[in-house]
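Quick note, the sequences are listed as chains E and A, same order. Counting from 789, one number per residue, gives the positions in the first sequence under my numbering. Counting from 789, one number per residue, gives the positions in the second sequence under my numbering.
Each hint should be verified, as a subset may be incorrect.
Copies of the same chain look alike in the list, so a pair counts if it fits in one copy or across any two.
[To be verified] Computed cross-link-like contacts, DMTMM-like style, restricted to lysine to aspartate or glutamate with a CA-CA straight-line distance of at most 25 Å: (1) K1079 with E1046; (2) K1162 with D967; (3) K1039 with E1188; (4) K994 with D850; (5) K1199 with D967; (6) K1199 with E1022; (7) K871 with E1129; (8) K1075 with E1046; (9) K871 with D967; (10) K1199 with D823; (11) K1141 with E840; (12) K842 with E1022; (13) K1199 with D845; (14) K793 with E840.
Honestly, the hints are just simulated from the structure, not real lab data.
Protein chains: 2
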Amino acid sequence: MSVLKGNAIFGQSGGPTSVINSSAAGVFTEALKQDCISEVFGAAHGIKGILEEKFYDISLEDPKEIELLKTTPSSALGSVRYKLADPDVDGTDYKRLLEVFKKYDIRYFFYNGGNDSMDTCNKVSKYMQKVGYECRIIGLPKTIDNDLAETDHCPGYGSAARYVAISTMEVYHDARVYDTPMICVLEVMGRNAGWLTAATSLASYKGAGPDLIYLPEIVFDMDNFISQVKAVYEKNNGKVIIAVSEGIKDKSGKYISEYGSDLAKEKDSFGHAQLGGTAQVLAARLKDELKCKTRAIEFSLLQRCAAHCASATDVEEAFKAGEMAVKYAVSGITDHMVAYEREQGPEYKCGFKLVNLSAVANAEKKVPREWINKEGTGLTQDFIDYALPLIQGASSPPMEDGLPRFARLKKVLATK
Amino acid sequence: MSVLKGNAIFGQSGGPTSVINSSAAGVFTEALKQDCISEVFGAAHGIKGILEEKFYDISLEDPKEIELLKTTPSSALGSVRYKLADPDVDGTDYKRLLEVFKKYDIRYFFYNGGNDSMDTCNKVSKYMQKVGYECRIIGLPKTIDNDLAETDHCPGYGSAARYVAISTMEVYHDARVYDTPMICVLEVMGRNAGWLTAATSLASYKGAGPDLIYLPEIVFDMDNFISQVKAVYEKNNGKVIIAVSEGIKDKSGKYISEYGSDLAKEKDSFGHAQLGGTAQVLAARLKDELKCKTRAIEFSLLQRCAAHCASATDVEEAFKAGEMAVKYAVSGITDHMVAYEREQGPEYKCGFKLVNLSAVANAEKKVPREWINKEGTGLTQDFIDYALPLIQGASSPPMEDGLPRFARLKKVLATK
């Protein structure tokens, strides 16, 4: 192994989670320790901050604040959704990145995000290889969607799943206090993969969860849906709890949120439709059909930023993933993503492995069909066994005046 | 003082909270200890359960489960919104109550709820006095709205306020990760009183809360609102966080949720309009005006049932209020509500006092005008000083498999 001397930069990309900052803490803590790394930079708003030469000098941050990043939700450095062009079509951004890497002697690049971000990471990695600029590039997974390929699970998922499971149990109790019918439709994030919606089944496992769960993995059929709800309604004295992914679609590929919702449907820069309103559409439809009280509840941003309800397991693993990324890079690895590997055995243990960025970029891992029941309305014990270990342990941010004390970074811009 | 021997019944009424079951635990624990009380009953669905002779024998419950009620959200016995008629107009329900009280030798009646429930309690109390049936009747306050008269604050408020404050801080961090404009409108429960919406100012006090807060105490003016948002938008690079009460109205008395919302507006049995959609209406309007991304977030049921985020202070006070109700009744008091009295001094201390049910029934306590800033868009330090002590301490339900272990009552129906 050759020792590569130079500086390191870390960026956060895509939607925030409760633990993406914990990975940042892991990267910073480990990188600041390494002799071969002189300066550690944190990019403002991911790749955009690098292109614009806007990044922070992490060595100037108080170690106590870096420690607090572990329990601080959202993306402390700022995030971005920025799609790099195909380098064969437009090389502008790549030339600029090379220029900045050279100017700041950046030899270590760590990028933390979902599949779009791993695509960015992969493109930068391949470009640097092509032009012969020596640089170690490691991706770090992150997504509440849990849809990254080649990793047992993703940092951020366990915390979002814990929040969703616990909140669902609480809503279950709240929604049945009156002796009158009440249908409650919970809407959970997840465009194409239903992992997070599936986490509501952990509440059902404890006897206080949805009667029916609809994931985007299964084509949604409104008539089936209504008859399934009616069956539960009659069996349960009018009490029905339903969980749906925001991304459920009918057989023509139309989002259910588009059925009657008048919310604007914008496209973001990756071409994803801006979703919302699925639960409202369904609650309104059920109200028409069953003439009873219905309520649509969207977990909205809360499900991805509720650090007060994060999984301690998730926080710890995310931190270690950050440390591992640096260790792997220093040891000579490049062009890979750090992935989680669950060890065999009765007790949950999570180790690390490396996967090619190309295998992760833009791929999506969905909930296996065999973990969804035959009717497509619930999860099997296999899913419970998979997900339950990921939500263990309560991580609470330290408190000040009874309110969370989140990290406060100085964010001093690096200069050259 | 005369010792009154007989049985006791306790009922829960109105919307649930995170701590109404803690008061139940207090009442049950204390009532089961008292020699003068033979049987302790828990009414299913409040007054309705008494009318229908449907109540549970609490002595058959496991003491461990009664203890778990302290951290179990929602109304474990079931709640009700049932308005008793004016006894001079229709005495049917009252005669039936007297019949049931006599049949089961009920001499102690404890009723836990908001101002509508204190009205019920007051009517029953006055009727029993009129007909000369000896019975001690004590009301217990409960409401996330914090709008009961004659008490410093209400059980349930501190926990809801803690949830709202912490969640607001988390959303604040999440909503500003991209370097693009984003307006976030948070909708908080509160028909006529803005106490809970005001709790978002605790997040602002910690530097991570709304820029603008709108309470129902102040007439809402759409033009003012838009210019106030525009001013913040320009000052803060397009980042704006706004908190609104569901119950804000314009000068004609029209709810803002009615402006453009197509959500059904039903009336419940107390004639309250079913609210919802205020944040959506405002977010849509701001999107039109400012052509930027907006997001409406409704805390919905989550804010009143999030036991995982309850205030330990609130849980403990609610329990003690339950104990006190029994002690007062046994000591000879009737026709009163147990109220909180804040002691003078630099340290927060909360004691108890008694207030006449008549003074509480149907009265509403609003946020004082002098605690709202001149512009009507935020709270003063007086409010912070009032509310901050109420959210102190984290109460976490005991866990089992990493998920809350809520109380499981046997609910064995009492028979005669």
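Status of the hints after comparison with the structure:
no. : hint             : in the structure
1   : K1079 with E1046 : both (22 Å within a copy, 21 Å between copies)
2   : K1162 with D967  : neither (32 Å within a copy, 44 Å between copies)
3   : K1039 with E1188 : neither (51 Å within a copy, 40 Å between copies)
4   : K994 with D850   : between (42 Å within a copy, 20 Å between copies)
5   : K1199 with D967  : between (55 Å within a copy, 15 Å between copies)
6   : K1199 with E1022 : between (58 Å within a copy, 23 Å between copies)
7   : K871 with E1129  : neither (29 Å within a copy, 59 Å between copies)
8   : K1075 with E1046 : both (18 Å within a copy, 19 Å between copies)
9   : K871 with D967   : between (52 Å within a copy, 15 Å between copies)
10  : K1199 with D823  : within (23 Å within a copy, 66 Å between copies)
11  : K1141 with E840  : neither (33 Å within a copy, 63 Å between copies)
12  : K842 with E1022  : between (60 Å within a copy, 22 Å between copies)
13  : K1199 with D845  : within (7 Å within a copy, 61 Å between copies)
14  : K793 with E840   : within (24 Å within a copy, 80 Å between copies)
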